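Chains as they are written, first to last, in this note's numbering: chain A, 1 to 286; chain B, 1001 to 1304; chain C, 2001 to 2287.
Calculated directly from the structure, the hints in this document are not laboratory data. Treat the numbers as computed from the prediction; the structure is a model and nothing was measured. We treat Cβ as the ideally placed atom computed from N, Cα and C, and that holds for glycine. Each hint should be verified, as a subset may be incorrect.
[Said to hold, decoys possible] Estimated spans, in silico, between C-beta atoms of each pair:
hint, chain 1, residue 1, chain 2, residue 2, range
1, B, THR1113, C, LEU2053, 48 to 54 Å
2, A, ALA168, C, THR2024, 22 to 28 Å
3, B, ALA1290, C, TRP2050, 26 to 32 Å
4, C, LEU2067, B, GLN1077, 18 to 24 Å
5, C, GLU2252, A, GLY60, 55 to 61 Å
6, C, PHE2110, A, ALA172, 42 to 48 Å
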Amino acid sequence: MEALRERLIGRALLVVACSVILALAIITYFIFQAGLPIIVRLGLDDFLFNTRWQPAEEGGSFGIGAMVLGSLWVTLGALVVGVPLGLAVAVFSAELAPEWLSTLIRPAIQLLAGIPSVIYGFVGLMVLVPWVRTHLGGPGLSVLTAAIVLGIMILPNIISISEDSLRAVPAAYREGALALGATRWQTIWGVLIPAARSGIGASVILGMGRALGETMAVIMMIGNSLQVPRSLLDPATTVTSNIGLEMAYASGEHREALFATGVVLFAFIMVLNLAANAFSRRRLQA
Amino acid sequence: MEPMRPGKINTPALTPGPGRLARRRSALIGGALALLFLGALAGCSRGGNSTATQITVAGSTSVTPFAEQLAEEFMRQHRGQQVNIQGIGSSAGIQATQPGAADIGMSSRALQTDELAELEPIVIALDALAVIVHPDNPVENLTLEQVRRVFAGEIANWRELGGPDAPITLVNREAGSGTRGAFEELVMGKGGPPLSYRAIRQGSNGSVRAVVEGDPVAIGYISLGVVSPQVRALRIDGVEASAANVSAGRYKLVRPFLFVTRRGGTPGPLATAYLEYVLGEEGQRSLAQAGLVPAPRKETRWKR
Amino acid sequence: MTAGKTRRAGAQVAERIAFALIWTSALATLAVLAFIVLYILDLGLPHVSWRFLTSAPEEMGREGGILPTIIGTIVLTLGAVAIAAPLGIGAAVFLTEYTWESPVTRAIRFGAEALAGVPSIIFGLFGFIFFVTYLKMGWSILSGSLTLAIMILPTIIRTAEEAIRTVPNPYRDVSFGLGATRWQMVTSVVLPNALPGIITGIILAIGRSVGETAAVIFTAGTALNMPTSLVSPLRTMAVHFYILAIEGISLEKAYATGAILIITTLTVNVLANWLIVRAVRRHRRKS
């Protein structure tokens, strides 16, 4: 009797644990089911690389090329801002900071991660947009503005994982390098960072995923223009911001096309996930 | 979209029979059942609820602020009754009204022929489209032709319009917006040039206004009712955008605000009461105070 | 020897520069964080009053308070946690106590990781098409809570799993030695000892739910009314803040709502941290 109960509980817990897989499966199915038909109809290359997006007109044109480029620009910009800064903070916290400061940084970074993205977007809109408009030109709503704020938003991802992997480098590496007469900086740059590179790589990929997926903050700052951005000060649209902006209004083929945009985003994020996974597996094996 | 049948829920797989299902399969089925069960629960309670004390009015974000204001006043007089206003865009609102997800739809564009087959439009007010600029902008008047060429991207500098030498920041609405649809129809015209793809796009009247408030060289278009002192409406062909000029027929950029109900079938007591309130004297007066032009009597086809 | 000396000196200069840059970066990051928090609080708190917290909005939020959005946030978040917490903790117990490494556990872990990486707009799209449209729940507390629940599930699983793994093995052995079944051992020994960690995860999940916009706006709607049933649409604080801000309805109210959001986030974080610290201390004492 008891044994049977135990087995039932085991089964029940398995079912519960599989809810994660189930959720992922349903999400994948429904997003693809809603978005894939139109991609098949248009052809993937036309959908991805055509830059004309006129979804509400008769015989509309559904090319998300401009948005894909917008997303790439913004994500790249966010990495340019976020990776050096994040890595510096990680090194600082793991190697340089006095104990008390280091224990202060961790919760601070956690708080940075906990601030709702709309708050970032709003501060960007109220502070950075006018600044860019008056000092650098253009309408202020731009790739640059969005990239800077996104760069700050991805800091927590980059800092926490990089710091963990820096701390995980065996003490022998550090001691060995210092004993050979290397300066602390040479040790950090030449030994610790290379040793932690797979963790750092994973953190960059996760940060990239976050930047790519962010929606509301981007809508608020990027201007949502359908042009292919030619400078950092141009407004642009990202894949996500276009979904967020137009979803409410869309019907028929237009809505299908937005779901298809979601399919592209989803597929890309999954590839990033697998990449991050591969990185951290290498880290475990190393 | 395939509507889900309630019958689908009763899949006879819940019984933990002795024949061992494959572990993973049972897991999937169990989870799916739980979700479907929740769904069914929701479906039932919704059906029972929407006729009684709450209704959903969904659609145009342009109509939303006015509908919300009227709903507030209406609910103050009808305690315990709830009118939920959802600003989801004209097209989505019209779509939501057809299967009954919304009791009343809101639209800021005229219905298309296929939509008219199933839905009844009721004009609740007329709204003007105001073309707005920053208050510091010296340009005060544009011809309709100039507005068209500006929004087509053919005129790109204020100098060409008698203003300072500065590039024009175009602020447009997103595809699917009723306001954008009306602007395309009234300004760009059939077969006219397309709206410039380089324009900034914003998701509502308010956010277009917010951008124009902040940018001295921006130009956009919004509902006359939401023009604020922080922006200035341009005269079009010498005519000021005002309620008086709209009802006199002098200002040309005018579109109807519609409530939409299903044909053949009464919308239910609460929806009817709300509609009557909106079209009644009190509702129309507060719409007029909010800057709209009351619906011309003959166009309101609402019968009691 | 002099060549060695100059190289050494060069290295020291490089180190100075590098360390200066690193210090600057770290301080700049903290400064940005402080700026964001103080900016919102400074402009928002003067407009926060008891009335603001306890009255309904008027004129779309231009006047009045944010009570329905506070209630909406609480209800939606509680709903999400009520669904996700049992599932997440159950999954964690399964992964740690009821199985060994196998393709199944790997699949579950992969699922959780993949789910954690899915952007919230995708959850919004999914919730809209599945819960709102396909299951006909409409924009409602139910749709919103279910969507959020899926979104926070990975966080809860991961933290619960970590917490359970820190429970020392001898505890389990003692429990078994006393004749307990596995389930008795889990409920009487493992879960109580892992509780602070589990709660920390739940608090983090609450934080994420409170701040979420993209996934909520398409599933729970934007109606400004007080929710009355599980199928009422509602508007959360974060969504209200977004709408106030982007539509330029009222900057004052936007700042005020933002301040409340920031305070909520701060509270949630401090609480989570306090629990982590306590759990770590307890763990150290025991082992």
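Inset, instruction - List, from low to high, the hint numbers that the structure doesn't satisfy. - result: As far as the earlier hints go, 5 and 6 are violated by this structure, in ascending order.
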